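Chemist: Sequence order for the protein chains is G and R. Mapping the first sequence onto UniProt numbering, position 189 (from 1) lands on 189, and the numbers just tick up by one. Mapping the second sequence onto UniProt numbering, position 176 (from 1) lands on 176, and the numbers just tick up by one.
Just so you know, these hints were derived from the structure itself, not from any lab. Take the hints with a grain of salt, since some may be wrong.
Here are the in silico distance ranges between beta carbons for each label pair [as the list claims (entries may be wrong)]:
1. G/36 to R/69: 44 to 50 angstroms
2. G/248 to R/62: 38 to 44 angstroms
3. R/212 to G/127: 55 to 61 angstroms
4. R/163 to G/1: 14 to 20 angstroms
5. G/259 to R/76: 22 to 28 angstroms
6. G/36 to R/163: 54 to 60 angstroms
None of the values given here were measured: they were computed from a predicted structure. Note that CB positions come from ideal geometry on N, CA and C, so glycine has one too.
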Amino acid sequence: MLKIKTPKSGKAKREIEKRAPKLVESGKKTLILQGTKTSNVLNAVLTEIYHLKKDSAVRYTRKNENIRPFESGGETSLEFFSLKTDCSIFVFGSHSKKRPDNLVIGRTYDHHIYDLVEVGVENFKSMESFTYDKKLSPKVGSKPFIAFIGEGFESVDELKHLKEVLLDLLRGEKQDLIDAGCGNLNLAGLDHAYICTAVSSNRVFFTHCAMRLKKSGTIVPRMELVEVGPSMDLVVRRHRLPNDSVRKEAMKTAKEQPKKKVKNVSQDVIQGKVGKIYVPDQQVGSVALPYKAKGLKRERREAKMKHETNDRAPKKQKENSE
Amino acid sequence: MTGMDTQEHQIDLGHLMAFDPLHHFPSPPTSREELVKECLQKGTVLVQLIADALFNLPSTEDIDGPLVKLPPPMTRLPREKHLPKPKPPTKWELFAKAKGIKNRKKDKIVYDEQTGTWKRRHGYDRVNDDKDIPIIEAKMTDEPGEDPFVKRQAEKKKRVEKHEKNRLQNLKQAAKVGALPSHIQLAATALPITGTQAAPKKASKNELQDIASMAAAATASGGKFDKKLVGEKPEKHKGKYRKFLPVVEGTGIGSQEKQQTEKVLNRLISKNSHEILNVDKAINMYNVKKEKKRKNQRGKDSSTSSKLKPKKQLQKKSLKKGGSSKKGKSK
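Build out the structure end to end from the sequences listed, making use of the hints.
Modeler: Dropping the structure here:
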């Protein structure tokens with residue numbers, strides 16, 4: 001006794017198709033939300049992250065008391081929100097005495113929790129506290145440079161995991177074309193960079209800078225970094241790596257993309273590649289001519305009048321057809 | 001720049017990412033500003049490296065600026081959703097492949113023989129519409145009372161139902177593999193029937209309440225501490241199955257204890273005594289006997305004529321009436 005349910009409008013169908021799993025995936029959306037208690041610092045951090053990722057992020061402002069990412073039962077709400085908003089990265093902020101200014105950055109696979117990293121925020125400086133030339137401020141949505149400094153990112157397990165998660169969080173949108181290998185980048189639009197430095201085995205200094213490109217001798221401009229955005233110290237507290245089987249499945253790549261059909265191109269055995277060009281109908285009779293009628297040209301008229309006043313009696317002038 | 005390349009830097013152009021794995025802070029940085037400055041310095045170096053590689057890529061000129069084609073990224077990141085599974089072939093597709101039937105593209109406009117014009121294949125005012133047929137010739141196999149037009153419509157309806165059923169089966173097969181098209185959902189309209197062919201009856205509100213209270217009573221504490229839903233009423237039968245007399249009696253009619261013991265005593269004595277007549281039981285026994293006798297006599301008298309029968313019965317009835325009245329008075 002099954003019934004086939006299909007969307008009744010084209011718009012609904014298009015929305016569902018956008019959320020369907022694809023061969024090559026476009027950028028992940030981020031969900032930013034908070035738990036029962038938040039501090040001022042944490043609120044500022046969450047809003048700034050939201051501003052950094054304005055187009056591809058969803059901000060929930062209510063308090064959610066039943067979300068505990070590291071406990072087995074406390075992730076159902078997160079998975080439900082991820083399903084509803086179609087977000088596969090989430091940033092969950094909470095504040096408690098044991099874990100002050102806590103941020104849990106997690107990723108989902110198929111709307112189930114894939115992995116989690118818990119960091120504490122210290123020494124936070126918000127965007128407003130930095131003074132800089134406003135002309136340099138980066139535009140929303142431009143692709144950032146990401147730099148990771150420090151041997152900790154390779155030697156310490158938690159920092160390695162954090163590096164991967166930060167890369168996923170900070171990279172820009174429109175990744176599907178770049179992943180496929182045909183993405184284009186406009187070099188004039190490069191204006192900001194994220195710098196993450198592993199200061200010690202559990203502390204990462206994170207900052208966001210605008211880039212100024214200065215003229216140098218070669219085609220490559222000289223880069224100058226000006227600190228712009230939020231800067232904070234991330235102290236890694238806990239983390240959960242993904243299951244091996246889930247990890248294997250998530251890292252599977254599509255083997256080959258089927259070649260996109262190019263329209264109006266066909267292969268002929270004799271002539272080879274043949275293309276069709278459609279030329280629109282040319283209305284030769286009704287095209288407006290660029291040349292005005294002789295009598296209408298004002299300069300000609302005025303010049304003639306001036307000429308006449310200077311010289312002999314005025315000739316019979318042609319009438320202007322206005 | 002190249003002089004400083006003694007250190008190994010990993011550059012991933014697809015992500016515009018640079019990683020310096022060999023840097024380490026030899027001593028804890030003295031102050032925060034120093035730390036920030038050092039980080040910015042190192043950051044500048046890395047960013048410059050990426051820019052070097054980036055600007056050396058072949059670029060195309062565009063109105064907004066030079067466009068550069070980024071190479072695919074080297075670091076692999078996990079997907080957010082599973083890979084789409086290929087749809088299993090439908091029953092028709094399998095059949096067509098086996099038989100070698102190729103799909104032929106059909107035109108949208110078809111020539112209509114009847115009117116002699118070009119009409120569309122599907123939709124309003126279409127070719128070969130059922131309602132445009134003026135005359136259907138009768139065949140030898142037709143029954144006289146049948147309406148051929150209605151018959152045609154019924155056949156079409158059956159065909160459409162069959163197509164829908166096949167489509168549902170194909171979708172179920174796809175759903176089993178996990179390759180259901182994203183815009184289609186299969187929803188269950190009713191629970192499956194088990195056992196008899198009768199459809200499950202919808203339970204009424206009272207029935208549901210009874211069942212719920214029965215289920216609640218199955219717990220160790222008799223359902224007393226179960227969490228009740230919003231709007232759920234408390235159970236009707238509170239569970240008091242024994243009635244205890246009050247310890248202190250008020251001033252009322254008679255003594256409750258005396259009444260209770262009298263009731264019990266009467267019951268006991270009446271069960272074991274032979275003299276006391278149970279009126280109901282006596283009447284029942286008598287009626288059953290009467291019925292039996294009537295049946296036997298009817299069977300015996302079937303051979304005799306019908307005229308004689310009613311009189312005999314009347315006589316017997318009067319006799320019986322007297323007997324029963326006597327019995328009733330004897331109590």
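Chemist: Go through the numbered hints given earlier and state which of them the structure violates, listing their numbers in rising order.
Modeler: Violated hints: none at all, because every hint is consistent with the structure.
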